[in-house]
Structure formats: C-alpha cells, structure tokens
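Enquirer: Construct the complete structure from the given sequences, taking the supplied hints into account.
Numbering (my numbering), first residue to last: 40 to 316.
Because the hints were derived from the structure by calculation, they are not lab data. Built from N, CA and C at the ideal position, the CB exists for glycine as well. Each hint should be verified, as a subset may be incorrect.
As the list claims (entries may be wrong) - Capping the alpha-carbon separation at 25 angstroms, the derived lysine to any residue pairs in SDA-like fashion look like this:
1) LYS293 x SER236
2) LYS293 x VAL246
3) LYS160 x ASP211
4) LYS293 x ALA123
5) LYS293 x LEU234
6) LYS293 x GLU83
7) LYS293 x GLN244
8) LYS293 x TRP91
9) LYS160 x HIS139
What the hints assert, rightly or not - Each pair of labels, with its calculated beta carbon distance range:
10) ASP238 x ALA124: 39 to 47 angstroms
11) ALA135 x ASP213: 23 to 31 angstroms
12) HIS204 x HIS107: 37 to 45 angstroms
13) ALA142 x VAL203: 24 to 32 angstroms
14) GLN241 x ASP213: 27 to 35 angstroms
15) ILE265 x SER102: 37 to 45 angstroms
16) ALA212 x ALA177: 19 to 27 angstroms
17) ALA124 x ALA237: 42 to 50 angstroms
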Amino acid sequence: MTFGQRYSHIVKEKTGPDDPELAELLQEALEQASPHLLAEIATELWTRRQQWVDRLHELDGDSALFPHLARLTTSSRRNAEVMAAHLSQQGLPSVASLLHGDAPVPTRIVIFANQMPGLDKRLRWELATGLLHLLDPARHWLWTRWLWDSDKRSGILPLLAGGVHHFQGLDDADAYQAVGAVTALSMRFAEGSGLLSADLMQHPQRVLFAADAFLACAYSIYLYGITSWRLSREYNRLLPTLPDMMRTLLGLSKRKDPLAAPTDRTNHGETTLWMQV
Numbered sequence: 040m041t042f043g044q045r046y047s048h049i050v051k052e053k054t055g056p057d058d059p060e061l062a063e064l065l066q067e068a069l070e071q072a073s074p075h076l077l078a079e080i081a082t083e084l085w086t087r088r089q090q091w092v093d094r095l096h097e098l099d100g101d102s103a104l105f106p107h108l109a110r111l112t113t114s115s116r117r118n119a120e121v122m123a124a125h126l127s128q129q130g131l132p133s134v135a136s137l138l139h140g141d142a143p144v145p146t147r148i149v150i151f152a153n154q155m156p157g158l159d160k161r162l163r164w165e166l167a168t169g170l171l172h173l174l175d176p177a178r179h180w181l182w183t184r185w186l187w188d189s190d191k192r193s194g195i196l197p198l199l200a201g202g203v204h205h206f207q208g209l210d211d212a213d214a215y216q217a218v219g220a221v222t223a224l225s226m227r228f229a230e231g232s233g234l235l236s237a238d239l240m241q242h243p244q245r246v247l248f249a250a251d252a253f254l255a256c257a258y259s260i261y262l263y264g265i266t267s268w269r270l271s272r273e274y275n276r277l278l279p280t281l282p283d284m285m286r287t288l289l290g291l292s293k294r295k296d297p298l299a300a301p302t303d304r305t306n307h308g309e310t311t312l313w314m315q316v
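Expert: Here it is, written out as structure tokens:
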C-alpha cells in the first residue's frame, strides 16, 4: 500500500532570488522566448480571428455558436462550458448589443456583464473583452485574470507597471480603460526586451496581437519563476514549455511536434500545478 507524498515534499523552503533552481528554470524559460516565437503566436491569433470574424459580424442565431464563442475567450475548458451555459440563457441579442451597439464600449461591456449575475464577474469580463478583441483587435483590448485580477489584486500588468495604483478606486468601466492604458504602457517596456521584431511590429496583421503575445510571454516567465521558488524540482519539470504555456493563456491549441519524445506529463500536471500558482 502506498501513500501520496506529503505536502512538504512538494513545496520547498523558499530561499530567495539566489536560489540556483530558480535561476536555472528562469534561464530555461528565457531561452525559449524569442522574437520568432512572439511573431508565431501573433500569427496564430490572427489566423483564429480570420476564422471567426465573419461569424461575429453576422451572429445568425445559431445557438451552436455559444460553446465556440466561449472557448475563444478563455484558457479553461471548464470555464468555457460555464460561459456557454450563461450565453445560451441570454441569447445572441445580448452578444450583438455588446459587439455592435451604439453605447460607449465600457458601457456595453458593463451591460453585457450585468446580464449574467450568476457568472463570476471576472469571467464575464474575459468573455466580453475577448469577443470584442477578436472582432476588432485594433480598437479593443483584453482583460483577463492573468492580466489584472481585481479580486486577488494580481496579474502581469501591475507587475510591469510597478504596482496596483493604476487600478485603485475604479469601477469596472474605468478599470477596463485602465487595463488598456497599462497594456499600452507595458508595450513601451516591451520595446527594450528584444522580443519585438520588425517581422512582428511592421506586419499589418501580426502587430494587432503583439501585446497579447508579449504579455503572455512575460506572464509565463513570471510563472516559471514563482513556481520554481515554491515547488520542488521534480514538480517544476511538470510545467509545460513556455510556448505551450503562452498558447494556453491565450486559448490557442498547443503545437504538436512529431519528433518530440513521449512524456509523462498529464493534463492535470500541466494545468493545475501552474495555473493555480
């Protein structure tokens, strides 16, 4: 008869930024980040948009569209199922008003979100901003929990912006505007990272998703660091690769490498151990 490992075998003593395991894992993550990777991710996001943008304009009343719309806006299949259930209760008119209404965008998002009181507020905003961003990425930006989680007061945006002061004391509509402003500010930081190539920034389609790709990359590297700091080496090895982590955050399918050797990474290991950090 065997027993599961004690919690102490999973969580190691925190040794600070000089921890050699932390340095090693961060170096591995940084080596996977490249201008080519960001351009590739942006291309995949643009391709996905092209596959769906006509449906977002038409909204022809097909209820089978709901699961697909939800899956486009979240990294979690379970969350997508919950979102789709709430969408089916509201119907396509609420989606049409969100995407094509005459009111200011923040107002449309608030109205859409308030129509689904049974859904976690953060998921409502992920759904609304995800659909708007997909429809017109040049005008509308994402607001996901990994960008800024107003409940936990965490995310990559306050990390890059030097604190949460940009978001303090704001209602939801103003917080959405702040997310856009800090996203733009973060791209100024990105300019010095060496990750924004001309192939990305001067391409008329890819550049629309440059912020998505960079912020997903930055958050993935952060997750590598914080997870290494908290968990033992054997559990760190369960982390997905940096490209796969980025694709998961952005709701993209993982790329399958036909030459890759089989691994013992389970879906449980790849998601719950790092997404909950």
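Enquirer: Are LYS293 and LEU234 close enough, with their CA atoms no more than 25 angstroms apart?
Expert: Given pair LYS293, LEU234 holds - Cα atoms ~21 angstroms apart, limit 25 angstroms.
Enquirer: Would the pair LYS293 and TRP91 pass a check requiring their Cα atoms to be no farther apart than 25 angstroms?
Expert: Cα-Cα ~19 angstroms, so holds.
Enquirer: LYS293 and SER236: Cα distance at most 25 angstroms?
Expert: OK: LYS293 and SER236 at ~23 angstroms, within 25 angstroms.
Enquirer: Is it true that HIS204 and HIS107 lie within 37 to 45 angstroms of each other by Cβ?
Expert: holds (38 angstroms)
Enquirer: Between LYS293 and GLU83, does the CA-CA distance stay at or below 25 angstroms?
Expert: holds (11 angstroms)
Enquirer: Just to be sure I understand the hint, the distance between the Cβ atoms of ALA142 and VAL203 should be within 24 to 32 angstroms; is that true here?
Expert: For ALA142 and VAL203 the Cβ distance comes to about 28 angstroms; the hint holds.
Enquirer: Does the Cβ pair ASP238, ALA124 satisfy 39 to 47 angstroms?
Expert: Taking Cβ atoms as reference, ASP238 and ALA124 lie about 40 angstroms apart, which means the hint holds.
Enquirer: Holds or violated: 42 to 50 angstroms for the Cβ distance of ALA124 and ALA237?
Expert: holds (44 angstroms)
Enquirer: Does the alpha-carbon distance linking LYS293 and ALA123 stay inside the 25 angstroms limit?
Expert: holds (22 angstroms)
Enquirer: Starting from the range 37 to 45 angstroms, see whether the pair ILE265 and SER102 falls in it by beta-carbon distance.
Expert: Holds - the Cβ-Cβ distance for ILE265 and SER102, about 40 angstroms, lies within 37 to 45 angstroms.
Enquirer: Sort out whether GLN244 lies within 25 angstroms of LYS293, counting only the CA atoms.
Expert: holds (21 angstroms)
Enquirer: Does the alpha-carbon distance linking LYS160 and HIS139 stay inside the 25 angstroms limit?
Expert: holds (22 angstroms)
Hint check: no violations occur; every hint is consistent with the structure.
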